[in-house]
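Model the full structure from these sequences, guided by the hints.
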Amino acid sequence: MSADTFDIQAVSPMREGPAERKGNAVANVERSEFVLEVNNFSVDYGVGENMVRAVNDVTLHLRRSKVLGVAGESGSGKSTLVYAMTRLLRAPGVISGGSVTLNFTSRDDEKEFTTLNLVTASEKELRKIRWSHVSIVLQSALSALNPVLRVGREFDEVLKTHRPDMSKAQRRARAVELLTMVGLNDDRLARYPHELSGGQRQRIMIALALALDPDLVIMDEPTTALDVVTQREIISELHDLRSRFGFALIFITHDLSLLVELADEIVVMYAGEIVERAGASELYEAPRHPYTLGLLNSFPPLHGPRRELSGIPGSPPDLSDLPAGCNFYPRCPFAMSRCENEAPALTAIENSDRSVACWLHSSDSSVPVPVELSRTVNPARNPVTTLKERP
Amino acid sequence: MRMIIRRLSLYALTAWVAITVNFLLPRLMPGNPVQTMIGKLTGQVTAAEMNAIQLSFGGSFKQGLFAQYFTYLTQLFHGNFGSSITLGAPVGAILRESVPWTVGLIGVSTIVSFAVGTFAGALLGWTRGSRLDSLIPTATFFQAIPYFFLGTVMLLVFASNLHWFPVLGAYSQNATPGWNWNFVGNVIRYGELPVISIVLSSIAGWMLGMRNMMITMVGEDFVLMAVAKGLPRRKVIMHAARNAILPSIANLSLAIGLVVSGALLVELVFNYPGVGDLLLQAVLNEDYPLIQGIFLVITLTVLCANLIADVVYLALDPRTRTEAAV
Ligand SMILES: Nc1ncnc2c1ncn2[C@@H]1O[C@H](COP(=O)(O)OP(=O)(O)O)[C@@H](O)[C@H]1O
Ligand code: SF4
Ligand SMILES: [Mg+2]
Chain A
1 MSADTFDIQA VSPMREGPAE RKGNAVANVE RSEFVLEVNN FSVDYGVGEN
51 MVRAVNDVTL HLRRSKVLGV AGESGSGKST LVYAMTRLLR APGVISGGSV
101 TLNFTSRDDE KEFTTLNLVT ASEKELRKIR WSHVSIVLQS ALSALNPVLR
151 VGREFDEVLK THRPDMSKAQ RRARAVELLT MVGLNDDRLA RYPHELSGGQ
201 RQRIMIALAL ALDPDLVIMD EPTTALDVVT QREIISELHD LRSRFGFALI
251 FITHDLSLLV ELADEIVVMY AGEIVERAGA SELYEAPRHP YTLGLLNSFP
301 PLHGPRRELS GIPGSPPDLS DLPAGCNFYP RCPFAMSRCE NEAPALTAIE
351 NSDRSVACWL HSSDSSVPVP VELSRTVNPA RNPVTTLKER P
Chain B
1 MRMIIRRLSL YALTAWVAIT VNFLLPRLMP GNPVQTMIGK LTGQVTAAEM
51 NAIQLSFGGS FKQGLFAQYF TYLTQLFHGN FGSSITLGAP VGAILRESVP
101 WTVGLIGVST IVSFAVGTFA GALLGWTRGS RLDSLIPTAT FFQAIPYFFL
151 GTVMLLVFAS NLHWFPVLGA YSQNATPGWN WNFVGNVIRY GELPVISIVL
201 SSIAGWMLGM RNMMITMVGE DFVLMAVAKG LPRRKVIMHA ARNAILPSIA
251 NLSLAIGLVV SGALLVELVF NYPGVGDLLL QAVLNEDYPL IQGIFLVITL
301 TVLCANLIAD VVYLALDPRT RTEAAV
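Protein sequences, first through last, are from chains A and B.
Yeah, the first sequence ends on 391 if you go by our numbering, and it's all consecutive.
Yeah, the second sequence ends on 326 if you go by our numbering, and it's all consecutive.
Heads up, some of the hints might be wrong.
Here are a few chain B residues that face chain A, going by a calculated C-beta distance under 7 Å [what the hints assert, rightly or not]:
| hint | residue |
| --- | --- |
| 1 | A228 |
| 2 | N243 |
| 3 | R319 |
EDC-like cross-link-like pairs, simulated, lysine to aspartate or glutamate; straight-line CA separation at most 16 Å [said to hold, decoys possible]:
| hint | chain 1 | residue 1 | chain 2 | residue 2 |
| --- | --- | --- | --- | --- |
| 4 | B | K235 | A | E123 |
| 5 | B | K235 | A | D156 |
| 6 | B | K235 | A | E157 |
| 7 | A | K66 | A | E33 |
| 8 | A | K128 | A | D213 |
| 9 | A | K66 | A | D213 |
| 10 | A | K160 | A | D213 |
| 11 | A | K128 | A | D215 |
| 12 | A | K128 | A | E157 |
So, partial list: chain B residues that the calculated Cβ filter (under 7 Å) puts toward chain A [said to hold, decoys possible]:
| hint | residue |
| --- | --- |
| 13 | V108 |
| 14 | D221 |
| 15 | F222 |
| 16 | M225 |
| 17 | K229 |
| 18 | G230 |
| 19 | L231 |
| 20 | H239 |
| 21 | R242 |
| 22 | P318 |
For the record, the hints were derived by calculation from the structure and aren't laboratory data.
Glycine included, C-beta positions come from ideal geometry on N, C-alpha and C.
This is the structure we're talking about:
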């Protein structure tokens, strides 16, 4: 694929009017409503014979200040998707197609809105948006923090790199402010990572991610390594922080029940593809894809009535040997004959703002949709509303 | 802090054991070393000489063992190692002449080899698969050649034939030792070839060790985070290197012991007036007091070097400090 195919001019419909080219970044008069637009994005591991496609033709658009949940079993390509998107993917991973457009407000000029195709951006351009506009929190804060540096150094370094005009005292004050935001005492700054608890370390990572007021924060299973109580606390803190600072958030997890309280929209991934996309409560209360239903049945909900845990039968797909038709076919309790050889595409469901990749919901389907997959949302019992409307 | 005190007491204990073994060894040897030694001396042995020899073993053998031990320790404490039989001078004075040469030569070579090797290794690890990788077989080649051969060939080619370096010894025969630039410059000039030869033969270990650790580090999350933070490349490499160097420092304490034994060969090849050269003479002449003194000094020097490497490690890795405080 030639570099031209990635040309930002060809990708996004947002840019009209006079656009001034600055290398790969384009200054914009009009602010896009999306902070991130991912189009037909694919990622492979390896080349030739042993190549597997870990992310296949993913398209997703994230509005400013919104939370997108990404769910799926381990191995479904969630991490690969976000690492590749932010150009942090390491060998043998390669981006094999698509575009990723970041729309951000340039810091030099408050009124200047800038657009950058991350797929074609140079290292220099990437360094400019890294952490200032897009920050990331990983699953294990213990391994994400440099073990031989005091926590304070991590804050200092980030601020020093991106805000060179801040004085040492200002940087320290900012670090203290950030720690307070996540409920930690400033004496933590003098500690080394191994001297802190898992919850404290993850809070520090979150504080660090917010240090430069980014447009987008990406969290890859940030609570998976923590106990349930800490998980809960951190999710609700994140909820507050997000409404205070208005960053957009991509929150990855294999536990759908975590997302329902935090996310505005959720995409479910299977074998590197998005199989369902819907508003958080719609997806949680009224799943449409058999895989989503299976995921929901594999975790106890944090709140509300307990469901019987049934999990998903069978084992995760082998990327080097995918089924000919629907990827979920070998494990699907509702599989039909056409599923074996025809792959369903992600299609919008009529009269709704959601999409699903499953033949059951196809308009020409002769089989009635099973009752589990045709529930409707009951607004009165929606746990999302309760948490979100808390003062 | 408590960790440092604990380490220090451990080293003090080791030093004490070394000194005690040094005291006991000649006494555990079959026969009477004093008699053996007197047998070696030609001509009449005066009572004074007899006394000197006995003193060099820590006092008269007629005393009780504890009294001897006590005398021995007191003598040591005053820097008195007895007298060399063949050189007829106090061992302490002889050692003061030769120890600085060895410590200087070996110390400088080890530091240069460690620093250059570690730096090159960090670069190689970071740019894995680049053309720089061809440095590895070259360095391994030099390490594989026996040092004696490598040193001799270098001496013959670069000093004797090409005259790029002075030939033998630690300084020119025309130079008068002293703390002036002339003499120091002369010493450096004479030290170049031995240092280069030691560095060549030992650098591969540091380079490979650091390279492999660097490659491991590149896969670590905190290095990925350093990139994600938009840090300049130099700082990202530092994040990795700062952690990758830890095993090398731990190895440094081990290497110091080996390096000292290597000193013997270096000094032999380049006719360098250090402890190695001295030890060879002492062994050939069965000069026990001198041998004992040299062993003691080597042991204590290695202990000191180890202590320094240990303290550096403690300073660089906060995790070791807390584990110790528990
Ligand atoms: N370095 C790699 N080389 C080859 N395949 C990989 C590599 N890393 C991940 N994969 C494959 O890519 C798929 C997606 O992995 P990942 O993105 O880590 O999933 P998730 O984050 O959803 O658990 C998995 O099937 C995994 O086997
Ligand atoms: S397309 Fe068929 S196999 Fe795939 S999820 Fe839907 S019903 Fe199951
Ligand atoms: Mg993952």
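Now for the hints, and whether the structure bears them out:
no., hint, result
1, A228, "5 Å, holds"
2, N243, "6 Å, holds"
3, R319, "5 Å, holds"
4, B:K235 <-> A:E123, "15 Å, holds"
5, B:K235 <-> A:D156, "13 Å, holds"
6, B:K235 <-> A:E157, "9 Å, holds"
7, A:K66 <-> A:E33, "11 Å, holds"
8, A:K128 <-> A:D213, "14 Å, holds"
9, A:K66 <-> A:D213, "15 Å, holds"
10, A:K160 <-> A:D213, "15 Å, holds"
11, A:K128 <-> A:D215, "13 Å, holds"
12, A:K128 <-> A:E157, "15 Å, holds"
13, V108, "28 Å, violated"
14, D221, "4 Å, holds"
15, F222, "5 Å, holds"
16, M225, "5 Å, holds"
17, K229, "5 Å, holds"
18, G230, "3 Å, holds"
19, L231, "6 Å, holds"
20, H239, "6 Å, holds"
21, R242, "6 Å, holds"
22, P318, "4 Å, holds"
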